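Heads up: the protein sequence lines correspond to chains A and B, in order. Under the numbering used here, the letters of the first sequence match residues 1 to 425, in that order. Under the numbering used here, the letters of the second sequence match residues 1001 to 1378, in that order.
Misleading hints may appear alongside valid ones.
[As the list claims (entries may be wrong)] Listed next, with one range per pair, are the computed distances between beta-carbon atoms:
| hint | chain 1 | residue 1 | chain 2 | residue 2 | range |
| --- | --- | --- | --- | --- | --- |
| 1 | B | Asn1376 | A | Leu44 | 41 to 47 Å |
| 2 | B | Arg1019 | A | Thr261 | 35 to 41 Å |
| 3 | A | Ile285 | B | Gln1016 | 52 to 58 Å |
| 4 | A | Arg99 | B | Gln1086 | 52 to 58 Å |
| 5 | A | Asp303 | B | Gln1323 | 45 to 51 Å |
| 6 | B | Val1078 | A | Ile285 | 31 to 37 Å |
| 7 | A | Leu77 | B | Asn1376 | 47 to 53 Å |
These are computed hints drawn from the structure, not numbers from a lab. The structure displayed is predicted, hence computed values, not measured ones. Note that beta-carbon positions come from the ideal geometry of N, C-alpha and C, so glycine has one too.
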Amino acid sequence: MKDNTSDSGVRKQTRLLDSAFLRKKLAAAGAHLRASTEALSESLNRIRHLIRKEFIQIRRSRQNFALLLIAPVIQLLIFGYASRLDVRDVSTVVADLDRSALSREIVEAFSRSGYFTIKQMLNSYDEADRWLETGQAAMAILIPPDLERRIKARRTALVGILIDGVDTTTAGTVSGYAQSILQRFSADILSQRVNQMQGQLFETSTPHLIVPAAAEASRAWFNPNLNSKDFFVPGVVVIILLALTTILTSSVIVREKEIGTIEQLMVAPISRLELILGKTIPCFIIEIITMSVVVPLAFLIFDIPFRGSMIFFFATAVLFLITIAGTGITISTFCRTQQQAILTSFMFLQPAVLLSGYAFPIENMPSVIQYVTYLNPLRYFITIVRGVFLKGIGWDILWPQILPMLAMAVFYLGLAAFLFKKRAD
Amino acid sequence: MNIHRTFAVARKETRQIIRDSRSLYLALGIPVMLMILFGYALSLDVDKIPLAVWDQDHSPQSRELVDRLTSSGYFSLVLSAELYRQIVQGVDKGDIHVGVVIPWDFSRKLKKGQSGVIQAIVDGSDSTRAGLAIVYLETIMATFDEDFRKKALVRQSVQQRVNPPVEPRIRLLYNPELKSRNNIIPGLIAIIMMVIAALLTSLTIVRERETGTMEQLISTPVKSNELIVGKLIPYFALGYVDLLMVYLMGQYVFDVPMRGSLLLMFLVSSLFLIGAMSLGFLISVIASNQFFATQLALLGTFLPSFLLSGFVFPISNMPDLLQAITYVIPSRHFVTVLRAIYLKGVGIGSIAMPVAMLAIFALFVTTIATRKLRKNLG
């Protein structure tokens, strides 16, 4: 019993204590919360001031302001129009030494295909060499003087095709076209002969075609006209954003270091995190504005299809920009001068662009390099952008691309914050 | 122009470059990185395109066709489909780039004398690969077609052998194995020279202005042309070191053939380097801060040399207006010259035009840069 009462007393005491303790704790927590919301609002205030300072600085320099507006548009135009890899209008010269009906038919077949533009008819093979050497023509068709005679005599006539192999992509395609055109021509003559033969064998007055043409219908999906602009322009938009973000973020911080105003910022009553945020948020706003200008412009100028969801695209784009801003800040912590910052940014941008599959297919790279591309945030974003623009696919198919980007965003931002703190102390 | 003063400026600039060792390493490292990327990692060659075949016919003819597709080396068979959906899913996921459907009446139609039609489904989102895949398919089909007719002719006539009426003899000049590396690396020299000019020289003057040392320079008796030459000498030397490095790597690491005159190559390179560096210098004089200078340099020098020089993207494919613009881009002429010397082994006669354009460009830009700087100093 005694035990019991004392036990209950203890219990009562603890309860009392508990409630007192709890009350105190609650009050402290409340105060803390109030203090921290105050601190947070103060902190936000400080960040806001920093952002205002940045924008004043940007507006002051007319040159920079104009550049930030004009540069992405010029980039879009040059990139969009220049990056085409399809083959058409290959400048061709013809040395037709036969000048017969059949040789004219061959030349006609080439010019009708639409891939070749006949620039000049030449009188000798030597002239063709000169046209190729100076680069004025990329292909030469050499027709021997005995073409028709040999074909009529049922012997083989050789038609020479010279191709400038310097530009390998074009040359590969051109040689394929040339071969299939000549083989079709050859096959047509053969089927004419078969028809004649039937006439002779069966002595029918109406020969009918018995040999079939094993023709073939090709169809390309997602991009039915095989416009390379549909393939390249979405990538171009991404590259413009990438280059702007990296260089802008890395140079705004380094600039303060180089001209010596970083000390003033350091002694100002702001924390490192506030400094980073105050410096990157204006960049971020500029990038979002640029994106909202460049993406609709790309649709308008280049008539790019957009088959997916706009919200999905913008959400992934913001994630991508955060990742790249993280790399930009990381670069800035290493550099003392803007020259170093731009060179380091370049060192990052080049592999990022080239190993992204933007123009050079990743499947063609050596396997070691293929593994390296998995570390490239641009690789994932380009896949996403092409998927959203051209194929109209969304989260359900693209999630394997988004997860690595998310991981990279967290990693780079963490790294940037860590390095910045370490270097600043 | 006073030689002593010029060299004094050059000495000062050299010291500044050497002191900033990180920039120096980067200036030497960027060309090496670009060489490795372009020479080793990137290739525009298209082969072993992943292919799916759905042979509904299962006839000797259809099997022969599949055989020809796979043995061509252009395609690698990854899937023998039995359903249309399998092909569609493969293309959606990106495992398959080309799907070929041989219909059930393929051989029957051939025997009856009608056209045997096959269907090819090509992933067109990468237009280069898709275009090449279609060319390969057409070539293989054309050969199949011709051989089929030859056989038919043999069957019907008493002849033992039929000569094909026309035989193409295709010769690929200058780069017979079609190695894209041989095409890319000579062009890359132009890009690297431009990068050095754009990213280094474009900061020389504007840096003095931004850090406040420009006043000191103005108060010295140095003249504008002395300042230009003095400032450019060390960067010119750096550019030459890069050029030598790239040349040696091309020669010994990537086995790019050098068929022309080495001396000619280095002479034209100097001409290009002078023009490119003066352009960088001009940007530096115009710009009010370093951020603007680097952005303008990237936009005005690097980007055009990368995109509009024919380095990767053929100029003949561009719209007419853009083709006209490429003529004022020095890199276009330099890339032409480099490829001609490297692969075609031509002398000065065949490349007189582009070399003249480079000379005009160098002269023009140097004059303007000196003028602008004089106004700035005075």
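Tell me, which hint numbers fail for this structure? 2, 3, 5, 6 and 7
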